[in-house]
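A.B. asks: In case you want the letters, here they are:
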Amino acid sequence: MGTGSRSVIILEELTAVVLLTLMGAAAIGIARQRNLFGVVMLGGIYSFLMATVLVVLDAVDVAMTEAAVGAGISTVLLLGAIHLTGGTESKPIHRPWLPLFVVAVTGAMLVYGTLGLPAFSDPKAPIHQHVAPRYLTEGPEKTGVPNVVTAVLASYRSFDTLGETFVVFTAGIGVIALLRRRTPRRPREHDQEDRKS
Amino acid sequence: MRLDIILRVIAKLLIPFALVFALYVQFHGDFGPGGGFQAGVIVAASVIFYALIYGLPAARRVVPDALVEILLAVGVLIYAGVGVIGLLLGGNYLDYFVLAGDPVHGQHRGILWVELGVLITVAAVMLKVFYVFAGRRRDAGEGGE
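Heads up: the protein sequence lines correspond to chains A and B, in order.
The first sequence: position 149 = 149 (UniProt numbering), numbered continuously.
The second sequence: position 75 = 75 (UniProt numbering), numbered continuously.
Extracted from the complex, chain A is given alone in its bound form:
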């Protein structure tokens, strides 16, 4: 049992490392690629790899969302945007050294910040001591919902989820306000009206 569970942990870590390496490769590919169709495809691959990493971390709910939104719908929307704007990225005007320096320093500071955090999945970490034990022990019997993610999301943290739903709603309204045409007209007419205004 002991050696078995240890080999499972090693296998999980190996899978995570391989997936993260592939994600790094995809990110470098995205940064180097000038063809935006390729960038969108690599972005989809990146999202699928992220979803797989989340499955390895046992966060199946998030993985499902990432696969459906990140790899599915975002890719379709970005392809639609490329269709409207054109398929190649223009050459940058500025040299990349200053942004690279800022990104490197910020990244180094973030990595330095993680050194102060408790070890990954440490049960004694403060975040696992606060309300999480109550949710885990009381949740199933109080809400009658065995999936603790659903219990926290829809019951304990219902106000947050209401806010999130409003955020999604507001985003949709914003996109409609920006992009919707008031009346379906002939494209010619519409063109001319655009030019007049």
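Careful: at least some of the hints might be erroneous.
[Said to hold, decoys possible] Simulated restraints, written as ranges between beta carbons of each label pair:
1. I10(B) - G116(A): 45 to 53 Å
2. G29(A) - I6(B): 44 to 52 Å
3. L110(A) - I6(B): 42 to 50 Å
4. L56(B) - I30(A): 22 to 30 Å
5. I6(B) - A132(A): 46 to 54 Å
Treat the hints as calculated values from the structure; they're not laboratory data.
Glycine included, every Cβ here is placed at the ideal spot set by N, Cα and C.
Guided by the hints, dock chain B onto chain A, whose structure is given.
C.D. replies: The following block gives chain B in isolation, referenced to the frame of chain A:
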């Protein structure tokens, strides 16, 4: 145009299963992974899939714009309405315990309705965003290029 018959047949086969899977994700979210957000995205994705294969006008005939815009608000209203019902039944806002005689049953009922609201809003927003993106012509870019 005739060459896409494989895509059309496969899409016709897959879309019902995608929709049933969305319902499974929605109603099984209490027991396994899933819930309103995921199910909503899957519903939207299956309609988008239909639009990609059969064309945007066909998808707009199946799920009209007006319906999507109404559903956009209906989801949020259902969610907020569950809270108001809680108030009317003598509890706090979004208090599910008062929704049924048995507190656990009330929780179940509240979560069910709330997740339904999330499903409707998320599916409608995703679909609407796709519609307005895909419905735009390239006319603005044509002059510039």
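A.B. asks: Hint by hint, note whether the structure agrees.
C.D. replies: Okay, the hints, checked on the actual structure:
1. I10(B) - G116(A): 45 to 53 Å: Holds, at about 52 Å.
2. G29(A) - I6(B): 44 to 52 Å: Once the Cβ atoms are compared, 30 Å apart, the range 44 to 52 Å for I6(B) and G29(A) is violated.
3. L110(A) - I6(B): 42 to 50 Å: The hint (42 to 50 Å, Cβ to Cβ) holds, given that L110(A) and I6(B) are roughly 47 Å apart.
4. L56(B) - I30(A): 22 to 30 Å: 28 Å, holds
5. I6(B) - A132(A): 46 to 54 Å: 49 Å, holds
Comparing the model with each earlier hint shows a violation of hint 2 alone; every other hint is respected.
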